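Using the sequences and the hints given, assemble the complete structure.
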Amino acid sequence: MTSTVERPESRTSDRPSSSVRRPGRRARWRVAARLAHRQLRRTLLSSALIGTLVLLPIAAMTAYAVIGASMIGTPQERATAELGRMEAWVSVGGLPQSGFWQSPVDPTWTGYPDNSGNAPEGTPIADPTTVLPSSTEAIRVVESTVRVQTPDGLTGMPAWGGDVWDARFEGRYELLDGTAPRSGREIMATPAALERLGIAIGDEVVVTDLDRTYTVVGTLDSAVLSDATSALFLPASAGLAGDARWYLPDLSLSWPEVEKLNDDGVVAYSRSVIQDPPVISDETRGGGWSGADDGALWTMLIVLIAGGLFAAYVVVMLAGAAFAVAARRQQRSLAVAASVGASPSDLRRVILLQGTSLGLISGVLGLAVGVGAATVTMALLADGSATQFWGFHVPWLVLAGILTFSVLVGTASAVLPARTVARTDTLSALRGARRPQRPRASRPIWGSILLILGVALTIGSAFAILAIEVTDLPWDSPLRAIPPFGIVIGPILVQIGILLSGRWLLWITAKALSPISVAARIAARDAAANSSRTVPAFAAIAATVFVAVFAMSQTSMQNAWTARDWAYQAPVGSLAIDIQSTGAESTVDAPVASEATKAGVALADSVGASGTAVIARQPEVWGYATSLDVPADETRVIAVMPDRHLFDPETENSFTANGQNRPNPIAVVSPDELDEAFGITVSSAQRAAYRDGAAIVTDPQYVTGDTIRVGAWSGRDVYEGKAPDNIWTAWKDAPRRSEPIWERKVDAIALELPHQAVAVAISPETAAGLGMTTRPTTVIASFDAPVPVEVRDRVQENAGALGTADWILSPYFENGPPEDALWIVPILSAVGVLVLGASGVALSLARFERRPDDATLSAIGGTNGLRRRVGLWQGLIIAGFGTLAGAAAGVLPPIGFAIQSRGVLLVPDIPWAVLALLAVALPLAIALVSWLIPPRRAELTRRTAIA
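All residue numbers for the sequence shown refer to this note's numbering, where the first residue is 342 and numbers rise by one.
The set of hints was computed from the structure by calculation and includes no laboratory data.
Treat the numbers as computed from the prediction; the structure is a model and nothing was measured.
Restraint ranges, calculated between C-beta atoms of paired labels, are given here:
#, residue 1, residue 2, range
1, Leu1269, Thr1022, 45 to 51 Å
2, Gln1137, Gln729, 17 to 23 Å
3, Ser432, His986, 51 to 57 Å
4, Ser1025, Val1132, 31 to 37 Å
Quick reminder that beta carbons are idealized off the backbone N, C-alpha and C, glycines included.
Here you go:
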């Protein structure tokens, strides 16, 4: 039986449909934030990876900022280190009533109105306290150097004379131990000085230049000295001569009062002026100079910006790749959200908020790690000086900028993955489809255009510089400044072109590698199909290699040029001690020459020299005022270089002598000291020939047929340029060369020693036979082992203590030109770490994302060996693409600079073997490591659809 049932009434809302509220913008942001938070918790490993990538550069930038800020003193800190509790100091700085001025923040920055650097004629005042109020208390302190007797002999030591132990110096000088001096025979010293002298408090110190003996009654520390610096503090009665300052305990000087003192030639350092410096706009009185601290601050900011931009590029590339993998894992859950009403902008917002959150969290952690690292670094590097690290300064504004930068980097890393997620088809994502990406034709076209444009810009800019140099273009024209920028910008365009063409290049590579093997085909196709993680990875590697190749190539060319132009003072590894006259003469007078030579030999012996050689030369004539002042009977014996080796002044405008004195090339060396003089072992036959009158010649250009040509010219002819200079053929307007007084040939012993300061050497007996008058100029000391740094420092100290009013000793350790290894090894190490890190991230992401493919491969019989080989080819593709692209772009700027240098920088000096090692061997090593690390055991799970 059937019956009719009444239709139920449909339920409708009491409100009209138009009044139904849709979620507002705030609600959508709240939901997106909640989803982003859940996704970050679900993917802790990838989140930790991305966070670490952001955290590391943030920590480094923070540590650098804190250390840099701590090296910049505040006005209060600088005033305390300079004055203690004093109000000011004054000293004689210029001439009175001559317009003398000083900088308010840096009293060493002084001058006169014309800013020419030349002081006007006049007499400075002797005592600046005479221009101060009559009742002003002043403490005079003199900074000088004294010679002190040590267990190893005499040494120079910084010294201060005056009552620096006064309690009002607290902050600049601090009493550490013992008591303050109570008599004129008591002094204080730094702890390092006691250790250097081998004494203790209560022992005596002999100050030889004062011819006095003092008793050390305590130790004192100076804010401007490191803990390792030896120094003495003597009473005012010691009468030290040196730079004097008068410290004012009570008199505070305002800036108008300082300017008034400047008018009297007095320079002042005032606490009140330092803490509140005036603004000076008059450039004729030092306006515009704000002190070295501002320059240090700007340097710190520039380094932070440059390093931050490079780090941002690398991190965005690598973190972007990690985000791309994480976003693909979230596609299904995000598709569910889209199926219930989430818009593409909501999905994009979810991914972006993940990047922002990770950037914020990593930034905060990076700031904390960086501050801690700065604390540890400063503790390790501190030398005890208050002016090295003025305090622990945290630049809060800079750190706020670094935190903002971290958030921006994290957000930027998620931009492209968010864009991809927003454009994903919801139905395909719900059923797990993974459609391979296909390259678009526009990108390789634009990439190729940028590649060609970058190469053309680099080479064209180099030739543009050459063209501009031969024109009459003003030196300050902008056209001269533009081409150098083109040499650097061109390779950057090449990098961008490679990045845009990366997906297309991977597809081409996949087609080329497919016939090689199954593993190569799988790895190449995987890289091309997942270019969103592959291209950023090799782009980050390319950027790192680009900077390294640029730095290594440019540095190597510069070092090679420096080596070609190096002025050798002695054989490499030796100590050259020059004996210099304190007067106008080029060499010391004969009466004191023996004393200076003995002092030089004693200095070498005091630091453990295995042997010494004394080099003597003929005195130069340039000390005479005119040629008529040169004695008529004075002659110069010259070894003459053949004309075929001289430079034509019409075509050559410079030359390199490598430390040799070409106009006066003959040196006199004892036969028994040849080994030390030349840094080699001379054979007995060569030594015997040398004794018999032969000359040792290290420059083969002097030799013609086993002999050299030697002649004598008057001193006046040498002064007037009428004698051979062994450099130029003849100047157009130069005086005509005169005939020699006599000329003869001397047998030559040619030695292959290109790096020598001595071109021609003869024995003292041979020199006497030629009628030469010589003076000792240099003592060369040889060592059996490398000389430690502390010994080198001691040589400098002792040399200052041995000089007299007539002569001084100038020691110099000849190390030769800088070696490339000093730069290449650190650069290669840093690049290796960065490339390994970037490759490790990329390969880890590839292995993680390939798990479903590995499961399928294992299900159809793929072995672990095949999966290992796939990892090897993936390492080759990712690292190889990056290193080759970076090396190709990085070598372009050095080539451009070499072209524009007109032969100064040479392309063959680029370390091509090292670059090949970087571009080829490093990817092979990464691929080998990838092959050695076994893949994870495949999980046979349900395979998603591929549409």
